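Spelled out from the first residue to the last, the chains are:
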Amino acid sequence: MNTVYLYTMVGVGLFTLGLYALLIHSHLLRKILAINVMGSGVFLVLVALAAPTQGAVPDPVPHAMVITGIVVAVSATALALALVLRVRTETGRAELPEEPLE
Amino acid sequence: MEAISLLPLMTLLQLVFDTLLGFALLWLAWRALASPELFQAIVLFIAFGLLMALAWVRLDAPDVALAEAAIGAGLTGALLLATLARLEVKNRAKSELEKKHEVRVITEKSKHQTFFFLLRMLLFMVVATGLVYAVLTLPENTSGLAMPVLENLESSGVSNPVTAVLLNYRGYDTLLELSVLLLALLGVWSFGGIPKPYRSFPGPVLNMLSRLLIPLLIMVAGYLLWVGAHAPGGAFQGGSVLGAAGVLLLLVGWRLGTRFVGLPLRITLVFGVGIFVSAGVVFILLGRQFLEYPPSFAGVLILLIEAAATLSIGITLAALFLGGRPEFRRHK
Amino acid sequence: MEMLYLAIALFLLLTLVAGLWRVLRGPTSADRMLAAQLFGTTAVACVLLLAQAFERPMLRDVALIFALLAAVTAVAFVRRAWAAGDQNDAVK
Amino acid sequence: MFITMQEFPWAVIIIVLPLSGAMLSFLFPRWVKLLGVLVALSVVAAVVGLGWQVVEQGAQRYAIGGWGAPLGIDLYADGLSLLMLIVTALVCLGVSVYSTGYFNRAYFRRSKANYFWPLWMFLWAALNALFLSSDIFNLYVTLELLGLSAVALVALAGGADALTSAMRYLLVSLLGSLFYLLGVALLYHSFGSLDIVILSQQVEPSPAVWASVGLISIGLLLKTALFPMHFWLPPAHTSAPAPVSALLSALVVKASFYILLRMWLEIFPVGGTALGQLLGLLGSIAILWGGIQALRQTRLKMLIAYSTVAQLGYLFLAFPLGSYIAWKAVLFLLLSHALAKTAMFMAAGNILHFGGHDRIKDFDHVVQYQPLTSAAFALAGASIMGLPPSGGFIGKWLLLEAAIHSGQWWLVIIIIMGGLLAAAYVFKVIGYAFTQSRVSHQTRRVPVHMEWTALVLALAAILLGLAAPWPLALMDIGLPFGEGAAG
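Protein chains in written order, with the working numbering: chain F, 159 to 260; chain E, 46 to 377; chain Y, 4 to 95; chain D, 1239 to 1725.
In case anyone wonders, no lab produced these hints; they're calculated from the structure.
A portion of the hints provided could be inaccurate.
[Stated by the list, open to error] One side of the interface only, derived from the structure: several residues of chain Y facing chain E at Cβ under 10 angstroms:
hint: 1; residue: 16
hint: 2; residue: 23
hint: 3; residue: 38
[Unchecked claim] Which bits of chain F does chain D cover? Going by a derived footprint, with three or more residues having C-beta under 8 angstroms, they are:
hint: 4; stretch: 186 to 194
hint: 5; stretch: 200 to 206
hint: 6; stretch: 220 to 228
hint: 7; stretch: 233 to 239
hint: 8; stretch: 243 to 255
[As the list claims (entries may be wrong)] Using C-beta positions, here's what the derived DEER-type ranges look like:
hint: 9; chain 1: E; residue 1: 304; chain 2: D; residue 2: 1711; range: 40 to 50 angstroms
hint: 10; chain 1: E; residue 1: 65; chain 2: D; residue 2: 1536; range: 56 to 66 angstroms
hint: 11; chain 1: E; residue 1: 312; chain 2: D; residue 2: 1673; range: 53 to 63 angstroms
hint: 12; chain 1: E; residue 1: 252; chain 2: Y; residue 2: 30; range: 25 to 35 angstroms
hint: 13; chain 1: E; residue 1: 312; chain 2: D; residue 2: 1627; range: 45 to 55 angstroms
hint: 14; chain 1: E; residue 1: 174; chain 2: D; residue 2: 1443; range: 38 to 48 angstroms
hint: 15; chain 1: E; residue 1: 268; chain 2: Y; residue 2: 48; range: 15 to 25 angstroms
hint: 16; chain 1: E; residue 1: 57; chain 2: Y; residue 2: 48; range: 19 to 29 angstroms
hint: 17; chain 1: Y; residue 1: 48; chain 2: E; residue 2: 312; range: 36 to 46 angstroms
Quick caveat, the model's predicted, so the values are computed rather than measured.
By construction, the Cβ of each residue, glycine as well, lies at the ideal position given by its N, Cα and C atoms.
Construct all of the structure, not just a fragment, from the sequences and the given hints.
Listed below in structure tokens is the structure:
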């Protein structure tokens, strides 16, 4: 029981931490790291709450969901990293302009 | 007698282990996101992935732990390192200026009113507390779908429940997810050619290492694919280990022969989704539902689909690591 | 016996956290990467101990993947990040 | 053994067709155009098939893999999803025809043009899968498929503007998905199911449900670009290639709105609460702010993009009302906006191609040389403004009726002011288009079918108003909005 809530809280913590970092950092690589940390937080919540209570079997559906999520996350990360390189080539910086162009 | 008296101590040890792991995770994430240097941030992130895999082990989710160890800690780390290297090489003349700029931004931000900083922190604390409260009030014993999953395991064709969910009960999700992976590669290729070719040659140590390691990785990929039917493992884990073998090949400077870069490569990339969709459609024509496998040969079918998926996932991940369309060569 | 395995696993986790100090201190990127590699090794041991302690033999596969993939990240570091860093130094 | 027409799984075919089309056009880049048009025509046929099934037999439920709801994933098609699929099919057929001309141009490298087709068909597959899904985790996967393909399509235009806005769009899209996924996690662990219908039967208010309402709403509102979360939309929709801008404004932002609508209608019993009022307020601000910003723009595509921000605002006016008529009005507005906005972006693409720029001030002799494009823009503009007998008119009329009926007069004022603002920015463009030029500059010929596609879609937006009873009747199949009398 303790394990469940402990890891769930860590998951929530990672989610908020990632969200905070995503909003305050300007470097794109760091934003991508932040998104990945947020994702790990969500996955942790999903699996922790499915952990078995004393001797029972764990619920396999969230496990499958998280595996799906991990593959989606690596796909998105790869696309984002390739995009960062292109942005850098075109603009000379790996950051977004502060104001969206008007 | 002894075993019983040791039980509370065992629980205590577990609790200490979990607490330590939890704090280490949070601390690592925080340091990775706040560290002033990007390289350090990435190394910390790789370490974070390792500890995440330990957390999955503790939560009795070995399938997820395998996926995290291969993808989260392994391939994502390699991807990040390669991107960082390209970012730093590309504008190395500018890099000094860039660093100054970065520092200036940071100092400006720290000069920026502490009031807003505190306000932001407060907001995030409220969000986190709200979420934790919501989680704590969840009903305690929802076993979710564990029961129906186990009851139908017999007719699913495999005995590992997670594989049964991924490839049979919720196979449609997996089909779409393989499409996401293929789509990401398409997106990367649509940006253009490989960003920067490397000209340095591997030393003798690396050459030896890769010769030893690559066959081993391919063998382990096959093993994970095979074992997935009844124990933790399966197409994703196998595929990402295969992808790691591909990444290693690319790192020692190996490139696919130009003969294979065109249609043969594209066919291999599409293979996984293609077989999956065809298997689904064939059963519609046979009068069953989409992706409804007859229990008698569900096991064989799942292995077939998984084998195709493993191959495609591996090649796709390696191609993603390359970072661009292989046939297109940019000159300096 | 399980107790002992768990206790050792806990001890390894502690050394792991201590190793973080090296990642934070550096001073060179190679130091940091080596420390992270050490993490990998410790994590392998940790997983194996947990596998024994909770009688989950299939967790050994996780340790196997850890060991294999750590080699791949190390090569990625040497071939990409480090090489790039050297070129940077040369320019300076 | 073989299945009859009555139970032919059209829903699956609608998803599988564009997915296979995407793979085939990736494999054989030489035949992309032929494949694109063929797939578009066959999906339209399949949607007709599904439509016939739904009209004849009522709402359809299809168990993928034969497992059924809690264990497996179900597809579900009622009037609401059917209408979304129909408008998607129409817009995508238009985009398909238009793109055979658009991606033929000299300045689109062939390699880039070849990637448009598979990416676009992935986007279409994602949309169809999303509108048919009845499973909240499956919806997450379709959202990711949709988001990644949309980002790659924006980046296809190349150049600093397109790449930076694609990057911002990607971050926003991933962030939105993660919020949504955390909400899904809480719902699953509260009720042990992922199916919308099962959840709607079991759901009861609890802190976890409220947290997931918040998370899912924020995530989806971010993707729908409701004010003040619209910041990413104008640059992304402006810098994309014209057919992509059309797809994004017409369909992609509506997809996340559709999920939100389903969630609010079926799972979350929060219609007409303070949260609904808040959404209505944000929608009103979006209408005014988007309209004023559109009026201030000097470039045509930017103007159209801000018009999208304003028009999306209308969709949220139904939340404070929460009545049967209001939901139907909003869905009708959504359909007519999809058609009209596609026509507008296509017209803008034609003008850009013709003169090489989209500065509104320099729109001389556009009407002279491109009468069809100008007519398309004017007709689409009429629907956006809400002039009778267009589809936009019927939607706004119904919405006004709902607002008056519930006595919320402030909404009436907002709806009318939004219409006036729309009239101002549409006439600004048309006014400049009629001016005579003194200097003639370099121009290029626009393929005829690109002009005709824009015109046909604009006409469809007008005709939607004339044929209003038909879609309004379709909306009632499966009672997605509850009983008419109860509202």
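The hints, checked one at a time:
no., hint, in the structure
1, 16, "holds (6 angstroms)"
2, 23, "holds (7 angstroms)"
3, 38, "holds (8 angstroms)"
4, 186 to 194, "holds (count 3)"
5, 200 to 206, "holds (count 3)"
6, 220 to 228, "holds (count 4)"
7, 233 to 239, "holds (count 4)"
8, 243 to 255, "holds (count 6)"
9, E:304 with D:1711: 40 to 50 angstroms, "violated (59 angstroms)"
10, E:65 with D:1536: 56 to 66 angstroms, "holds (60 angstroms)"
11, E:312 with D:1673: 53 to 63 angstroms, "holds (55 angstroms)"
12, E:252 with Y:30: 25 to 35 angstroms, "holds (30 angstroms)"
13, E:312 with D:1627: 45 to 55 angstroms, "holds (52 angstroms)"
14, E:174 with D:1443: 38 to 48 angstroms, "violated (20 angstroms)"
15, E:268 with Y:48: 15 to 25 angstroms, "holds (22 angstroms)"
16, E:57 with Y:48: 19 to 29 angstroms, "holds (22 angstroms)"
17, Y:48 with E:312: 36 to 46 angstroms, "holds (42 angstroms)"
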